[in-house]
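As a plain string of letters, each chain reads:
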Amino acid sequence: MLRRMWTIFVARNKEFYRDRASFGWSILFPFLVIIGFSFLFDQDRQAMYKVGLIGPSAQPERAARSPQYDDFRKTRFVEFVEFASADEALPKLLHHRIDMLVDPGAGEYWVSRSSPRGYVVEKLLSSSGSGSAQFKKREVEGIEIPYVEWMFPGILGMNMMFSALFGVGYVVVRYRKNGALKRLSVTPLSPFEFLTAQIISRMVILIATTSFVYAGCALMYRFECRGSYAALVFVFALGGFSMVALGLLIAARSASEEFAGGVLNILTWPMMFLSEVWFSLEGAKPWVKGLAKIFPLTHMVDCTRRIMNDGTPLSQMLPQVAVLAGSAVLFLALGSVLFQWQKK
Amino acid sequence: MNILEVNGLVKHFPEVKAVDGVSFSIPAGSCFGLLGPNGAGKTTTIEVIEGIQKRTSGDILYKGARRGPSFRQEVGIQLQNTELPQFLTVRETLNFYRNLYDRRADLSWLIEICRLEEIMDRDNWKISGGQKQRLLLAIALANDPDLVFLDEPTTGLDPQARRHLWEIVRQIRIQGKTVVLTTHYMEEAQILCETIAIMDHGKIITMGEPEDLLAQYARGSTVVLRGLARDDALSGLQCSWDRLEDRVEIRTENVNECLRELIRNDVDLTAMTIRSQNLEDLFLMLTGHSLRG
Numbered sequence: 001m002l003r004r005m006w007t008i009f010v011a012r013n014k015e016f017y018r019d020r021a022s023f024g025w026s027i028l029f030p031f032l033v034i035i036g037f038s039f040l041f042d043q044d045r046q047a048m049y050k051v052g053l054i055g056p057s058a059q060p061e062r063a064a065r066s067p068q069y070d071d072f073r074k075t076r077f078v079e080f081v082e083f084a085s086a087d088e089a090l091p092k093l094l095h096h097r098i099d100m101l102v103d104p105g106a107g108e109y110w111v112s113r114s115s116p117r118g119y120v121v122e123k124l125l126s127s128s129g130s131g132s133a134q135f136k137k138r139e140v141e142g143i144e145i146p147y148v149e150w151m152f153p154g155i156l157g158m159n160m161m162f163s164a165l166f167g168v169g170y171v172v173v174r175y176r177k178n179g180a181l182k183r184l185s186v187t188p189l190s191p192f193e194f195l196t197a198q199i200i201s202r203m204v205i206l207i208a209t210t211s212f213v214y215a216g217c218a219l220m221y222r223f224e225c226r227g228s229y230a231a232l233v234f235v236f237a238l239g240g241f242s243m244v245a246l247g248l249l250i251a252a253r254s255a256s257e258e259f260a261g262g263v264l265n266i267l268t269w270p271m272m273f274l275s276e277v278w279f280s281l282e283g284a285k286p287w288v289k290g291l292a293k294i295f296p297l298t299h300m301v302d303c304t305r306r307i308m309n310d311g312t313p314l315s316q317m318l319p320q321v322a323v324l325a326g327s328a329v330l331f332l333a334l335g336s337v338l339f340q341w342q343k344k
Numbered sequence: 001m002n003i004l005e006v007n008g009l010v011k012h013f014p015e016v017k018a019v020d021g022v023s024f025s026i027p028a029g030s031c032f033g034l035l036g037p038n039g040a041g042k043t044t045t046i047e048v049i050e051g052i053q054k055r056t057s058g059d060i061l062y063k064g065a066r067r068g069p070s071f072r073q074e075v076g077i078q079l080q081n082t083e084l085p086q087f088l089t090v091r092e093t094l095n096f097y098r099n100l101y102d103r104r105a106d107l108s109w110l111i112e113i114c115r116l117e118e119i120m121d122r123d124n125w126k127i128s129g130g131q132k133q134r135l136l137l138a139i140a141l142a143n144d145p146d147l148v149f150l151d152e153p154t155t156g157l158d159p160q161a162r163r164h165l166w167e168i169v170r171q172i173r174i175q176g177k178t179v180v181l182t183t184h185y186m187e188e189a190q191i192l193c194e195t196i197a198i199m200d201h202g203k204i205i206t207m208g209e210p211e212d213l214l215a216q217y218a219r220g221s222t223v224v225l226r227g228l229a230r231d232d233a234l235s236g237l238q239c240s241w242d243r244l245e246d247r248v249e250i251r252t253e254n255v256n257e258c259l260r261e262l263i264r265n266d267v268d269l270t271a272m273t274i275r276s277q278n279l280e281d282l283f284l285m286l287t288g289h290s291l292r293g
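Sequence lines, in order, name chains A and B.
Taken in order, the first sequence gives residues 1 to 344; the numbers are from the numbering used here.
Taken in order, the second sequence gives residues 1 to 293; the numbers are from the numbering used here.
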């Protein structure tokens with residue numbers, strides 16, 4: 001059994017790294033995204049901003065009448081999110097879930113020093129209500145997370161998601177479509193051996209490419225992981241496993257690459273936008289936040305951000321870890337039960 | 001001793017009865033051919049035996065017993081259409097399949113018997129159709145099987161590549177292996193098989209040694225006329241005839257008398273050919289339609 005699994009594992013790995021287009025893309029893609037984003041931030045070209053407002057005085061009609069504040073609230077392309085207190089809102093600012101925090105009652109505001117978006121919103125605030133009394137800037141206390149460091153776990157997670165879902169789902173469907181699975185079905189190879197080898201192969205590829213991208217970006221941008229590397233690898237591995245299992249579930253029966261591609265797109269696009277890879281869901285409707293929680297990517301990105309940015313130990317993220325492990329087991333069990341060697 | 005026995009095999013799909021009560025037995029070390037046109041049920045029959053498809057009813061005995069786990073270890077299979085991993089070399093592909101079995105054929109024997117020496121280090125996507133068929137045959141032999149199933153192994157090959165493959169099958173036979181072959185090429189079945197079963201519409205319509213079948217059903221000759229536009233010139237002919245796509249075929253046991261009748265009917269014999277009757281004629285006689293139809 002182990003020899004057969006090893007045979008499939010080795011063959012799949014060779015196929016992966018010899019397919020230079022696919023191999024190159026899976027390495028290059030996250031680099032390009034990181035480089036592109038850092039370039040964009042250098043140029044201050046972001047258009048959408050989130051500003052946190054503290055207290056009941058955040059309501060314009062209840063706020064102290066400030067021409068600067070009234071004028072600032074009218075700014076287009078700025079979303080205002082209310083918080084009960086500064087204690088609740090400041091961590092969001094430190095983690096770039098909001099770009100600036102304003103306390104209208106006290107006439108004060110906070111902005112992250114490293115955030116290019118914060119810089120732009122600060123300029124918008126200071127140019128509002130010209131001639132009137134200006135809000136006072138307060139220093140942010142605590143560890144401020146560089147924006148690229150906040151974004152980086154999301155990019156890695158997204159790359160893992162695409163690699164896991166398309167790298168397993170698409171490949172198995174193609175094997176089924178071209179008869180390769182049918183040929184394997186008449187050998188002593190069992191579905192369990194085949195699926196296990198596929199999972200291990202893709203996991204090794206995921207961890208290897210993610211480690212390579214991590215090391216490259218850490219060198220380029222001087223990233224810092226404030227938590228345990230072991231915890232980080234564990235969460236990446238568990239999240240990757242969950243998404244590989246999801247890929248196998250999608251590929252369990254279909255022999256149509258078009259159908260599988262459609263299903264994979266339906267899954268990956270919402271995951272990409274709702275898992276806080278690109279932007280936070282701060283201020284989003286509750287049902288949107290609830291929907292985001294069904295995706296493994298949401299929990300993986302959340303955990304890896306907390307490990308990298310805050311140094312949070314794994315013991316404080318057990319619910320997310322449980323969701324990742326549970327979803328992996330569920331997807332794998334369903335995928336194994338539904339798996340068919342050939343199209344019916 | 002029979003290595004394989006099939007009794008009353010039936011396979012129904014929702015809208016078609018693909019295999020309808022097929023029975024045959026195959027002695028160890030022989031070559032058995034399933035012959036028939038596309039859609040006759042040949043592939044379904046052997047896929048049910050191979051275990052790819054489930055049977056509706058009937059019995060399949062391998063070495064006198066129901067097929068157990070050893071069956072997959074001991075049979076070699078070449079399917080009609082199999083894609084190979086593009087980015088593996090021929091050597092890696094052979095080793096890949098060898099490693100899936102407990103019993104493995106010697107690699108140098110596989111290379112030699114299937115004539116793969118020159119392409120061993122070539123990627124699968126760079127090999128020709130004939131080379132691919134030889135590789136697929138080598139894969140079918142990767143476990144040094146006792147029983148080999150070859151499903152239309154020469155379809156789509158040029159005449160030279162086809163003859164190469166026939167030679168390989170002969171070599172396999174010399175090794176004492178049993179071969180089950182499906183084909184719609186008469187010549188192939190006649191050259192390679194000791195026993196043939198002709199299938200049509202899911203049933204075996206006749207079975208036996210090719211020479212016996214020909215002696216029983218097709219003792220005469222076939223006169224082939226091309227370019228004959230009208231059938232009325234053949235009216236009153238004492239022998240049976242069929243109009244096929246581009247020709248008329250007349251079957252007769254007395255060529256001289258047949259030709260005299262054609263001349264009397266003023267039939268143009270310029271493009272005429274005469275040949276001994278073969279399995280294709282036999283099939284035409286038994287089913288009323290052409291094998292490749």
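In case anyone wonders, no lab produced these hints; they're calculated from the structure.
Treat the hints loosely; a few may be bogus.
Unchecked claim - Label-pair distances were calculated between CB atoms; the ranges are: (1) B:D158 with A:P270: 36 to 42 angstroms; (2) A:S114 with B:R91: 37 to 43 angstroms; (3) A:I207 with B:F13: 42 to 48 angstroms; (4) B:R91 with A:V329: 36 to 42 angstroms; (5) A:E257 with B:D158: 52 to 58 angstroms; (6) B:E5 with A:V329: 40 to 46 angstroms; (7) B:P14 with A:G290: 39 to 45 angstroms.
Note that the structure is predicted; figures quoted are calculated from it, not measured.
By construction, the Cβ of each residue, glycine as well, lies at the ideal position given by its N, Cα and C atoms.
CB of R91 of chain B to CB of V329 of chain A, is that within 36 to 42 angstroms? With Cβ atoms ~39 angstroms apart, the hint holds.
State, for the Cβ atoms of E257 of chain A and D158 of chain B, whether the hinted interval 52 to 58 angstroms holds or is violated. The hinted range 52 to 58 angstroms is violated for E257 of chain A and D158 of chain B, with Cβ atoms some 31 angstroms apart.
Just to be sure I understand the hint, the distance between the Cβ atoms of D158 of chain B and P270 of chain A should be within 36 to 42 angstroms; is that true here? Once the Cβ atoms are compared, 52 angstroms apart, the range 36 to 42 angstroms for P270 of chain A and D158 of chain B is violated.
Assessment of proposed distance window 40 to 46 angstroms (beta carbons of E5 of chain B, V329 of chain A): Given about 45 angstroms between the Cβ atoms, the range holds.
Determine whether the Cβ-Cβ distance between I207 of chain A and F13 of chain B falls within the hinted range of 42 to 48 angstroms. For F13 of chain B against I207 of chain A, whose Cβ atoms are near 45 angstroms apart, the range 42 to 48 angstroms holds.
Confirm or reject the claim that S114 of chain A and R91 of chain B have a C-beta distance inside 37 to 43 angstroms. violated, 55 angstroms
If you check the beta carbons of P14 of chain B and G290 of chain A, does the distance land in 39 to 45 angstroms? holds, 43 angstroms
Hint violations for this structure: numbers 1, 2 and 5, all remaining hints satisfied.
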